[in-house]
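Undergrad: Work out the full structure, taking the sequences as your base and the hints as a guide.
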Amino acid sequence: MNYNFKRIEPKWQMKWEESKVFKAEDESAKKKFYGLVEFPYPSGAGLHVGHCKAYLGLDAMCRMLRMQDYNVLFPIGFDAFGLPAENYAIKTGIHPRVVTDQNIKHFTEQMKKVGFSFDWDRVIDTTDPDYYKWTQWIFLKLFEKGLVFKDKTLVNYCPSCKVVLSNEDSQGGKCDICHSDVVQKSKDVWYLRITEYADRLLTGLDTVEFPEHIKQQQINWIGKSTGAFVDFTLEIGSEKEKLTVYTTRPDTLFGVTFMVVAPEHPLIEKYAAQIVNIDEVNAYKKECAKKTEFERTQLVKDKTGVKLSGIEAVNPVNGKHIPVFIADYVMMGYGTGAIMAVPAHDQRDYDFAKAFGADIIEVIKGGDISTEAYSGDGEMVNSDFLNGYTNKKDSIARMIEELEKMGIGKGGVQFKMKDWAFNRQRYWGEPIPIVHCENCGNVAVPYEELPLRLPEVENFQPGQDGESPLAKLPDFVNCTCPGCGRPAKRETDTMPQWAGSSWYFLRYCDPHNSEAFADRKKLDYWMPVDHYNGGMEHVTRHLIYSRFWHQFLYDIGLVGCPEPYAKRSAQGLILGPDGEKMSKSRGNVVDPLDIVEQYGADTLRTYVLFMGDYAASAPWNDSSLKGCRKFLDRVAGLTDIMTDGAEPSLESGLHKTIKKVTEDIRVMKFNTAIAALMGLINDIYAKGRIGKQQLITFIKLTSPFAPHICEEMYEQLGGEGFISKAPWPVYDEKKTIDATVEIAVQINGKLRGTITLARDIDKDGAIAAAKEMLADKLAGTIVKEIYVPGRIVNIVVKP
RNA sequence: GCAGUUGUGGCGGAAUUGGCAUACGCGCAUGAUUCAGGUUCAUGUCCAUGUACUUGGGUGAGGGUUCAAGUCCCUCCAACUGCACCA
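Residue 193 in my numbering is what sits at position 193 of the first sequence, and the numbering runs on without skipping anything.
To be clear, the hints were calculated from the coordinates, so they are not data collected in a lab.
A hint or two may mislead.
Now the in silico label distances, taken between C-beta atoms and shown as ranges [to be verified]: (1) P562 with H512: 21 to 29 Å; (2) C484 with L83: 34 to 42 Å; (3) K23 with D188: 40 to 48 Å; (4) E401 with K290: 40 to 48 Å.
Below are the DSS-like pairs computed for lysine-lysine, each with C-alpha atoms no more than 25 Å apart in a straight line [said to hold, decoys possible]: (5) K224 with K240; (6) K150 with K187; (7) K242 with K320; (8) K242 with K307; (9) K725 with K692.
Predicted model only: the values in this text are computed from it and were never measured.
Glycine included, every Cβ here is placed at the ideal spot set by N, Cα and C.
TA: In structure tokens:
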């Protein structure tokens, strides 16, 4: 057959669309499979080869499963809220809606040209009011259940540009845009109480099939630690104040020689009048405020700080008076913002003690505290009732017991994960459906008023004091309070981009529902997602956020399964031909549509999946791509050597290949599946002929990778309907087993030749045959004879 | 620093989980087809040695277990990714 992809590919793409070949049925007696890929942000740059790799893996899998008679849901959509469209609007004045619609159209065309088997009737767009209505609805449910709260926090703010800056945009304490000094400004922030779900997010991992390294990243991100809260007493002149610290080693309490509080700790303002060196302290605070989080963590070695003169702390277990410092190695955002310092057994405290001349008291034997802190195990000393303990677990348990008895502390846990800051001072996002009323406080917009539509604006620049552009619209801001009917003001911030993607997999189950975010019956049928593939960059934030939303919806009885994703995988990056990460500035970007144009979508598809281990990154290679094109040319050419009857000598290889391809696609080993097909086609050409039915089997196996050419061949061979819906080949186990096997023959583990023997030969027979072959090489006495059936004979001799 | 992953030909990568290392593809070499380039086809291609049959060596380095190690154990080294003063 003459392989003309420019004619074949559009032809089949159109037929698939017209016949809705990939439409998922909401009711079916078939087994269901829900394959999910991360929906793209429709950027102006268009489809990237990275998108192609991410989608092609599951596309091949879904194509095979459909042929295996599964009811497959393989949807796609657009995560279209976000900064690029807004920044473009600021620059050009073109509304983000216009740009987003253009980009979605462009992306859709491009994806169709690659031949993904998406169900195009289920496309969703997070910026569509019919969609974000339900994003807002779920937000209000969270609000209703007390999982949304407002708090003040310090943000980086540029007084000149009047915008809130991210840490990245404010390095060195200077605004990235105008280079004026950035100040720390107190700002109201909406939080989602995700920490409430921290434990659930951890334990849920035991019930899902994620690769170990992905689980580990989530575990690290959540960052659970167990320890204790201990109350110290501060003496400030004649006043007393409780200061609670969090520690993972309460058993080292007798080794505490000073305390440290974070520079932002409220204690300092509260007792400013009593702190003798308050000027010095304030100067230090100012220094710290200038440093970004990033810089603070860079200066790991040099410990800085200031002693709080006029304040002393009392160690609750021995009554010792110890000094209190502020230092920026203690973070306000973790634990209680204050620590008890045990320099003998914590390297940071040790470094600080050396720099500031504090005492170092050993309470665990085993190290040399004259040179560094010792954090290993050992016998407890200088510790009153803990003396003699050698096991960390026991001494910690005993100390917590004593603390609780004395009423000065208790066991507790801490998480690194913080509550989720859920507002942005931006235009192009879901409006937060809250009204501020002087009388009633923060009031939810009534459910029936959703969606709260994003109003039209003329100017997309942020407003005064870094407010959202929405704050400039009196018609939007001024409203009446849903509670008391008095004049009130709307929240003008919008949700972060993570919002829309936190539940999109639910909407795919029932994308056009106007009564609910999805019909419960349909959710129960499709959920959980059977396989979710995406990038490594999303395994912490997006994956955790969406698990959290789903767990919440489960708790309030709106979804039927506790975890949204049964299985997760992550594809590796495609690097540029130079082995570096693809980027515009490097000029090493490969445009998938160029490849489709020049070589055809089937070549692109086959190559991307053949490149190497799906989960590993690999550089793009044009020559290797041509190799895949050659393979497809050879596939097309098979019709020229086709015969009516089957070629018997191909049967065994064909059945082995069915087995290999079927198993490999299921576990995402696409590269070896394609290699097996290449091996088989070499064999077919060597034989010079292939039977018609054998050829049909071969193209069915190839079709998940190169669907267009296979559809075309299937049609020419008289196949009914679409190959995409044809039954997947089944292998006959008997035919995958050869009657004879080649067995390696070794002496002392070294290969000395091979012999071909009957598969079912017994040990004696195999060894006898091997000895016969080795007759002239067997010198010395035979010590041992090993036969691994079907594999190897090893004869151990001693000279 | 901590955690995770990975080290196999000139390159991308295979290896039924302890059993013939380098499947498949690229590249390269030789030959055929072609006016020529390209394409296509055939053969070869881990390294060393030999005319061939052969014989050594070989999976980041070093050691160990085993009849047998890319695979298991110990000690290093390197690279990548994530987190990072988390008390």
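Undergrad: Look at each hint and say if it fits the structure.
TA: How the hints compare with the structure:
The hinted window of 21 to 29 Å between P562 and H512 holds, with their beta carbons roughly 27 Å apart. A C-beta distance of roughly 37 Å is found between C484 and L83, which places it inside the suggested range of 34 to 42 Å. Distance hint check: the CB atoms of K23 and D188 are about 47 Å apart, consistent with the given range 40 to 48 Å. Checked against the hint of 40 to 48 Å, the C-beta distance between E401 and K290 comes to roughly 44 Å, which is consistent with it.
At roughly 32 Å between alpha-carbon atoms, K224 and K240 are farther apart than 25 Å, so this suggested pair is violated. For the hint linking K150 to K187, the alpha-carbon distance of about 10 Å falls within 25 Å, and the restraint holds. The suggested pairing of K242 with K320 holds, with an alpha-carbon distance near 15 Å, which does not exceed 25 Å. With a C-alpha separation of about 18 Å, the suggested pair K242 and K307 falls inside the 25 Å cut-off, and the hint holds.
For a cut-off of 25 Å, the pair hint linking K725 to K692 stands: about 19 Å separates their Cα positions.
Violated hints amount to a single one, hint 5; each of the other numbered hints is respected by the structure.
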